[in-house]
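Visitor: Residue strings, one per chain:
4 protein chains.
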Amino acid sequence: MEKFVPETKKDAIRQVMLASRILANEGVLDALGHVSIRNPENPDTFFQSRSLSPYEITEQDILEIDMEGNVITKTDMKPYGERIIHAALLKARPEMNAVFHGHPAAIIPFSITGVPILPVTHVGSFLYQGVPVYDDYEPGCGMLISTKVEGERIARHLGNRRVHLLRGHGCNIVAESIPAVVASAIYLRDNATIQFQAMMLGKDIKCLSEEEAKQAMEKALFGELPLMRMWGYWIARAKRAMPDLA
Amino acid sequence: MEKFVPETKKDAIRQVMLASRILANEGVLDALGHVSIRNPENPDTFFQSRSLSPYEITEQDILEIDMEGNVITKTDMKPYGERIIHAALLKARPEMNAVFHGHPAAIIPFSITGVPILPVTHVGSFLYQGVPVYDDYEPGCGMLISTKVEGERIARHLGNRRVHLLRGHGCNIVAESIPAVVASAIYLRDNATIQFQAMMLGKDIKCLSEEEAKQAMEKALFGELPLMRMWGYWIARAKRAMPDLA
Amino acid sequence: MEKFVPETKKDAIRQVMLASRILANEGVLDALGHVSIRNPENPDTFFQSRSLSPYEITEQDILEIDMEGNVITKTDMKPYGERIIHAALLKARPEMNAVFHGHPAAIIPFSITGVPILPVTHVGSFLYQGVPVYDDYEPGCGMLISTKVEGERIARHLGNRRVHLLRGHGCNIVAESIPAVVASAIYLRDNATIQFQAMMLGKDIKCLSEEEAKQAMEKALFGELPLMRMWGYWIARAKRAMPDLA
Amino acid sequence: MEKFVPETKKDAIRQVMLASRILANEGVLDALGHVSIRNPENPDTFFQSRSLSPYEITEQDILEIDMEGNVITKTDMKPYGERIIHAALLKARPEMNAVFHGHPAAIIPFSITGVPILPVTHVGSFLYQGVPVYDDYEPGCGMLISTKVEGERIARHLGNRRVHLLRGHGCNIVAESIPAVVASAIYLRDNATIQFQAMMLGKDIKCLSEEEAKQAMEKALFGELPLMRMWGYWIARAKRAMPDLA
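Sequence lines, in order, name chains A, B, C and D. Whatever position you read off the first sequence (first residue = 1), add 18 for the working numbering. Whatever position you read off the second sequence (first residue = 1), add 18 for the working numbering. Whatever position you read off the third sequence (first residue = 1), add 18 for the working numbering. Whatever position you read off the fourth sequence (first residue = 1), add 18 for the working numbering.
Treat the hints with caution; some may be incorrect.
The list makes no distinction among identical chains, and a pair is therefore deemed to hold if it is satisfied within one copy or across any two copies.
[Unchecked claim] Cut-off 27 angstroms, straight-line C-alpha distance, at most; resulting in silico cross-link-like pairs (DSSO-like, lysine-lysine):
| no. | residue 1 | residue 2 |
| --- | --- | --- |
| 1 | Lys224 | Lys109 |
| 2 | Lys232 | Lys257 |
| 3 | Lys28 | Lys92 |
| 4 | Lys221 | Lys166 |
| 5 | Lys96 | Lys224 |
| 6 | Lys96 | Lys28 |
| 7 | Lys221 | Lys237 |
| 8 | Lys221 | Lys232 |
| 9 | Lys221 | Lys92 |
| 10 | Lys27 | Lys224 |
| 11 | Lys232 | Lys27 |
| 12 | Lys232 | Lys96 |
| 13 | Lys166 | Lys232 |
| 14 | Lys221 | Lys109 |
| 15 | Lys221 | Lys28 |
| 16 | Lys237 | Lys166 |
| 17 | Lys224 | Lys28 |
| 18 | Lys92 | Lys224 |
| 19 | Lys257 | Lys109 |
| 20 | Lys232 | Lys92 |
The hints are simulated quantities; they were obtained by calculation from the structure and are not laboratory data.
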């Protein structure tokens, strides 16, 4: 059994690699997008792949990066430009240990229409705080978050929530652990798909109440038993699809 | 040829395992959700996997459980919390031998909009009695059905029907056999997808009449010839996708 | 190179088998549905599989059947109940050599809403004669076409067209050859998907004119070069997905 | 690392083969459609496969063709009829080295409804010049572009843009390199899917401004780092799905 929050660098690096493969295999990430984990041996750095598609990442591709976005690992491998997002969010949210940045197609319509994403299913319960849309891009950066100033602005915009969208681009997610951030990314996508269809069917959508959402988060989504089952499932699927993992 | 209703524990356990793999392979179940079968050697117990994704289940993971939800098998393997649903439905419906609980995305919009699922295709004929939506969750349980009292409420809500939805969560299905419950789960999903598109196209949807539905159930869906063909097909596909089954 | 219209029983049987595998592999057929080919050595019989999913069919499963639906092959293998459709259409349309009956989900909404399928793409050009919806089911047959009387009614309803829908059930297609009937089934599905989305986007849909459609049929769809390319492509994909074919 | 613009015929031929396989593997091309690359050793000819599905193309299938559409390679292999499109566009656009012609389903609704494709995501930024719809087909050609006159008309219609649609048929795309044309084809499809859903959700869609689009093209889409990541990703996926490539 993989521990949810690893105690060693080695286990943290393995979790980032597995999360990347899983998110590629489940169709949540394509060539672009990335995940990171806080270094369990030093809370002021984090692990993230070099600039590479999540589908291809191995443990040898993982870099150690600090909260200013500096690459600590002695290497000439190139980091992602948007490592800034991960640095800024892990710095601003010490209670969180994992960050996701990606562009699942199902969520982007909600970022360009003013229609908010709502918690409509028990696996979307973690969205109950609301999902605001960031639209304050630094001019000249091509809608990529790549400067320290914009990283801090992103962190302020997310506030104490778990998820926000970036207009015409994608989303950022924070969670306590890698399995929880992977579950959040997959179920954000699924909740958006279901909400879209529900809004096509009828105008009165019944969402989870705040009380229901908090309970569902605790018992049905991020509870130890369901989260272990999900994590094991996604690994099993990734191993069948990607024989080099087995 | 697999018998539709097995005569031995061993064959029943194999059917639960196959149904789990099939439903994972056909995209009806993901990490969550489960099926069960009444014990053919003791109608007061049933077989269901330990807490594990349907994708990964083997015959060694199947537990025997009684109608109060107690695990009979001597083991320290953990059962699903929602085994309560299966216990309550198999107790309330002695003519049925198999139960499905899951969360196919295509059906959930119908659970939160007040728009009813209707039998619009011959393979959706088993829905002719109506598909009510349960929305009387026990407070504090996170929308999971995990107490005996709520299990009984669920059984009363289903009544003499085959399918009901759980608001913002998923559905329960009962059937006479494992192949019939698997067919019901797959075609509930397909009927919902088709109905959704039909409702987008036009306001006047022609459904099956009750007479048509009853005949289609008997001849086109749960008849021996079509059901054998479906079951063989789903097994053949699962075996190709999951080489350990072959 | 497979010939489009085979000259021998052996080649005809192989084409039915390949078409069945292709249509399963392309997601047009699931457990149900079937194709047939006129016997090139006797125009009064045709070849079709025994009652089996198209995904699993081998050359050993193919039966010879006459235009009344009688099984000519000496065997105790069971035929499809709906072989009646194939017998009736091949009898009524001597210029056609192949029949498809199936239930692709994308077309069924058009069968229950009164919204007609229209030729909106060059690969949907063969639909220019219109796609009527049959809704005159024999009572008591469960919406299956299984009597000689209803087979004849089906043939009259199709008339001189290539495709019609069966309300809440599926469609029948006729064509000059197995590759052409496979192309028709796949592109009927694709044209329906595209038309559905177009109707969601706007109310004024520009269809192919009759003149455009006739030219596109001849040059872009059923011309020797494109049809050979399609047929080779579908076989190559089926062989990769189904190693027993290779 | 594959170079973006190859320097030799051999490398150019390999890129056309890889692009064809990638586009088949990503579901952008099926049996029909094709890509081409300008000959790096002679700007007045280009490389393109013989008439074959992109899924099956090997380096042995690539022909050299001149800007009038004449096959230069000594061979009896048959070229695509629509090589005319590639010849006309490469002749008219000397700054471009790669052409895509195909029929991704998600774009066709925009070609028959008068609803324009808009740049709604950062990976759709290359669409900022507008995506006009060609509807001036030569009578009698079945909506295929197969005469020199119509090729020139197509080139004039595209003008200085990167993409246009062909009504009821598909699209043409030009780009500086094969990786860029592949990215354009994949993200045109994804942008269309997202725009479609956004238009279903709300009437006020926020698009990229021209300034945002130009910056995003340069930094997020066709920049060396992201484009290398995409190209490597698509190749890795194609190699896993098509073992003969590895």
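Visitor: Could you run down the list of hints and mark each one as holding or not?
Guide: Verification of the supplied hints:
In the homo-oligomer, the alpha carbons of Lys224 and Lys109 never lie at most 27 angstroms apart, since the shortest distance is 36 angstroms inside one protomer and 31 angstroms across protomers. For a Cα distance limit of 27 angstroms, the shortest separation of Lys232 from Lys257 qualifies neither inside one copy, at 33 angstroms, nor across copies, at 40 angstroms. Taking identical chains as interchangeable, the C-alpha atoms of Lys28 and Lys92 lie at most 27 angstroms apart only when both belong to the same chain, with a minimum of 17 angstroms there against 37 angstroms between chains. Proximity of Lys221 to Lys166 under the C-alpha cut-off of 27 angstroms is found in neither arrangement, the shortest distances being 41 angstroms within a copy and 35 angstroms between copies.
Taking the shortest Cα distances, Lys96 and Lys224 never come within 27 angstroms of each other, neither inside one copy (46 angstroms) nor across copies (33 angstroms). Proximity of Lys96 to Lys28 under the C-alpha cut-off of 27 angstroms is restricted to the intra-copy arrangement: shortest distance 21 angstroms within a copy versus 29 angstroms between copies. Neither within a single protomer nor between protomers do Lys221 and Lys237 lie at most 27 angstroms apart by alpha-carbon distance, with minima of 29 angstroms and 38 angstroms respectively. Taking identical chains as interchangeable, the C-alpha atoms of Lys221 and Lys232 lie at most 27 angstroms apart only when both belong to the same chain, with a minimum of 25 angstroms there against 33 angstroms between chains.
In the homo-oligomer, the alpha carbons of Lys221 and Lys92 never lie at most 27 angstroms apart, since the shortest distance is 55 angstroms inside one protomer and 51 angstroms across protomers. Taking the shortest Cα distances, Lys27 and Lys224 never come within 27 angstroms of each other, neither inside one copy (43 angstroms) nor across copies (42 angstroms). Taking the closest pair of Cα atoms, Lys232 and Lys27 never come within 27 angstroms of each other, the shortest separation being 32 angstroms inside a single copy and 40 angstroms across copies. When the C-alpha separation of Lys232 and Lys96 is checked against a cutoff of 27 angstroms, the pair qualifies only between copies, where the shortest distance is 24 angstroms, while the shortest distance within a copy is 40 angstroms.
In this homomeric assembly, Lys166 and Lys232 come within 27 angstroms of each other (Cα to Cα) only across copies, at 22 angstroms, whereas the closest approach inside a single copy is 33 angstroms. In this assembly of identical chains, Lys221 and Lys109 lie within 27 angstroms of each other by CA distance neither inside one copy nor across copies; the values are 40 angstroms within and 38 angstroms between. In this assembly of identical chains, Lys221 and Lys28 lie within 27 angstroms of each other by CA distance neither inside one copy nor across copies; the values are 49 angstroms within and 49 angstroms between. Taking the shortest Cα distances, Lys237 and Lys166 sit within 27 angstroms of each other only across copies (17 angstroms), while inside one copy they are farther apart (37 angstroms).
Taking identical chains as interchangeable, the C-alpha atoms of Lys224 and Lys28 are never at most 27 angstroms apart, the minima being 44 angstroms within one chain and 44 angstroms between chains. With identical chains, the CA atoms of Lys92 and Lys224 are never at most 27 angstroms apart, being 52 angstroms at best within one copy and 43 angstroms at best between copies. Within a single copy, Lys257 and Lys109 get their C-alpha atoms no closer than 33 angstroms, and across copies no closer than 39 angstroms, so neither meets the 27 angstroms cut-off. With identical chains, the CA atoms of Lys232 and Lys92 are never at most 27 angstroms apart, being 43 angstroms at best within one copy and 35 angstroms at best between copies.
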